[in-house]
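Line by line, the protein sequences are chains X and H. All letters in the first sequence, in the order written, are residues 97 to 501 by our numbering. All letters in the second sequence, in the order written, are residues 97 to 501 by our numbering.
Hints listed in this document are in silico derivations from the structure and should not be mistaken for laboratory results. Treat the hints with care, as some may be off.
[As the list claims (entries may be wrong)] Calculated lysine-lysine pairs in the DSBU-like style (CA-CA distance at most 35 Å, straight line):
hint : chain 1 : residue 1 : chain 2 : residue 2
1    : X       : Lys240    : H       : Lys102
2    : X       : Lys130    : X       : Lys240
3    : X       : Lys108    : H       : Lys216
4    : H       : Lys108    : X       : Lys240
5    : H       : Lys130    : H       : Lys108
6    : X       : Lys216    : H       : Lys487
7    : X       : Lys102    : H       : Lys423
8    : X       : Lys102    : H       : Lys108
9    : H       : Lys487    : X       : Lys108
10   : X       : Lys102    : H       : Lys216
11   : H       : Lys464    : X       : Lys108
12   : X       : Lys102    : X       : Lys487
13   : H       : Lys491    : H       : Lys423
14   : H       : Lys464    : H       : Lys423
15   : H       : Lys119    : H       : Lys487
16   : H       : Lys216    : X       : Lys216
17   : X       : Lys487    : X       : Lys130
18   : X       : Lys448    : X       : Lys119
19   : H       : Lys423    : H       : Lys102
2 protein chains.
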Amino acid sequence: MLTPNKQYQELKDTYLFNTIYRKTDEYRQSHPDKKIYLMGVGDVSRPLCEAVIQALHQAVEDQATMQNFQGYMPERGAAELREAISAYYRRYHVAISPNEIFISSGACDDLGDILELFAKDNTVLVLEPAYPEYVDTNILAGRKVVHLNSGEENGFLPAPPADITADIIYICSPNNPTGAAFDREKLQAWVDYANAQGAVILFDAAYEVFISDPSVPHSIYEIEGADTCAIEICSLSKMAGFTGTRLGYTVVPEALIRMEMNLNTMWARNRETRTNGVSYILQKGAAAVFTPEGYAQTRQDIQVYQKNARMLMDAFDQAGIWYTGGKNSPYIWIKCPDGMGGWEFFDYLLQKIQVVGIPGEGFGACGKGYFRFSAFGDPADTEAAAGLLCKLLGKAEMAEGASQK
Amino acid sequence: MLTPNKQYQELKDTYLFNTIYRKTDEYRQSHPDKKIYLMGVGDVSRPLCEAVIQALHQAVEDQATMQNFQGYMPERGAAELREAISAYYRRYHVAISPNEIFISSGACDDLGDILELFAKDNTVLVLEPAYPEYVDTNILAGRKVVHLNSGEENGFLPAPPADITADIIYICSPNNPTGAAFDREKLQAWVDYANAQGAVILFDAAYEVFISDPSVPHSIYEIEGADTCAIEICSLSKMAGFTGTRLGYTVVPEALIRMEMNLNTMWARNRETRTNGVSYILQKGAAAVFTPEGYAQTRQDIQVYQKNARMLMDAFDQAGIWYTGGKNSPYIWIKCPDGMGGWEFFDYLLQKIQVVGIPGEGFGACGKGYFRFSAFGDPADTEAAAGLLCKLLGKAEMAEGASQK
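Chain X on its own, in the form it takes in the complex (with noise of 0.2 Å):
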């Protein structure tokens, strides 16, 4: 008889992204007349630039051409593609080879397919709040999760903890959901702290072209040390709108060796026996975005969804309501006023004025009071929400019962 795995037994019932779709939705359908500003899911709006639209389109032309035709792709990816990957590492001073990028179909694919390099008996330290997959994913696997809190006391950007040992580390920053960015100081005491105890960082750096401050690193690799405890993963989903497209990329230092098993050849053979490869299509329209015509196309789309974020910051401001990121992110974590849960507060926008962010609960516990708001909306979506906010927030009395300011 097949024994399932029961693991799934101890995730929670409903991702925390179905269950906010449905309360819009139910909301929508009671309310048809009514605008609903989302304001929440970081998915992006803005279309593919035309260098990646030319890019894809003739790499169509090509798969209908008996000359150009392209069957199975290198379980790596595409030499072109990672050479351009390895080039835009040298824009940061960072010396990554093809030989340490693997092209994925997404970060989130690869988040979990690279559990697969580490045994089950390894205990995982998740820096909250976080994107639930990281947690998930090792329930799934069976592995042990010790969660470690963060807040306002600590601006959500915790420092390793002494007391605390662990073997796989996950850091995203720019953070998602806080969007909270680790500078060079902080991200350096954790590389050490990995290394000293021979720890794995799984760094998501899906949010990295957001980052306006010089003090923070684009890549984990430009801190020293990480090239033997880090493993960074990357996305083309924010950096050039694919998140319908679908296109990301991991680095596997060759330094990276763990009780003599080296990771990139383990992680080298894994994606020879369980991929054939991502789409040549999506890698031809992939490599356009390290174009210089590809690159400063995307970057004035980022320019758009930076300005959203602006305006978001300028009116909590305006509201004095706190809140982080928003400068090198596209996230904006606030307060919610009056010590409302998040689930209260996403009710509460969505009932008096329609807008839809995402309860800080869904990230993990310390999430608790805190809320989540993108900037990858349309500009003026984002103004006319901006304005609601700022002024249903700054309102002495906010809700029923509740207490002068």
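Given chain X's structure and the hints, the job is docking chain H onto it.
Leaving out everything else, chain H in the frame of chain X:
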């Protein structure tokens, strides 16, 4: 200190196809004037059909405009595509609801991913010869693998063994590498065997489109009782030339329950956690495969490959070589002449007539002394290779020192 997954040390050093690439490359470099006939690796050679190309271009265009831009896709796949696949199953009088269909990045990916549904302590039965991934993914997961050999005595179509129990059973029909295909009666025996002991069959249907014999089922769900014991893993790679474009789908029936856990619900949860969906562009291209135009056009390409298979079969018939496959499959599995081993025969063919195939040893111990050819090549090349094979293998004396036949 992080503990790596030590199961990597249990894998064979180099993956089958890489060894073949290396040997072929070495020959090419030392014999730059020789034309090499690649009759081995199962990669298609014909471009995508017109209906798919048009749909891909249209989808790229959608990604270029604010109105039609598509962000994150549903984790199970686009409703339109899942409905089209459900309708495709009705062609074979099989009722599969869209809710039972999950779009994937390819069968290769899902063959490994699907194992997350199962606990580690299940016994895996692999019908051999077999695609190496079936074994390797389970070695990585640390599962016990039982190899069920087959051979000429049963036409490489083994019956369920009375003396072996198993929890997870891999069946590929039409088979890679042997090309042999289970008829309804033989497959019914496997379904009954699985149901009797509560096992789950992972049915690899990647070569379904090559079936020409009406007694061979296109889907395991044509067999009574399969919906309570089988997961079917499908691919557009061979069906529509998607080897380099990438897309597949997996069927997990709603009736598939073990220890009161519903595997369909679990897989939906897995996809929500582990992926952000498959590319919008690729799903649009895939949907075109299931339109009347796409169906007609892709079947024309299949017919080209079927003619190639016929040429190879005729050559082996004339040369008096034992083989299976070819009729319901793009693969022809021959017995190496004069008692040669597969790698010996590989070198012999490469040196003598520059024809590259795949040694049977790469697919399990019982593949020793057999050899896989594929019908995916160019028709003119296939005709030339078939002629060379017929001439070489039909000779009374083949290799130095060989005895008279």
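(message) Going through the numbered hints above, which ones does this structure break? Give me the numbers in ascending order.
(response) 2, 6, 7, 9, 11, 12 and 19
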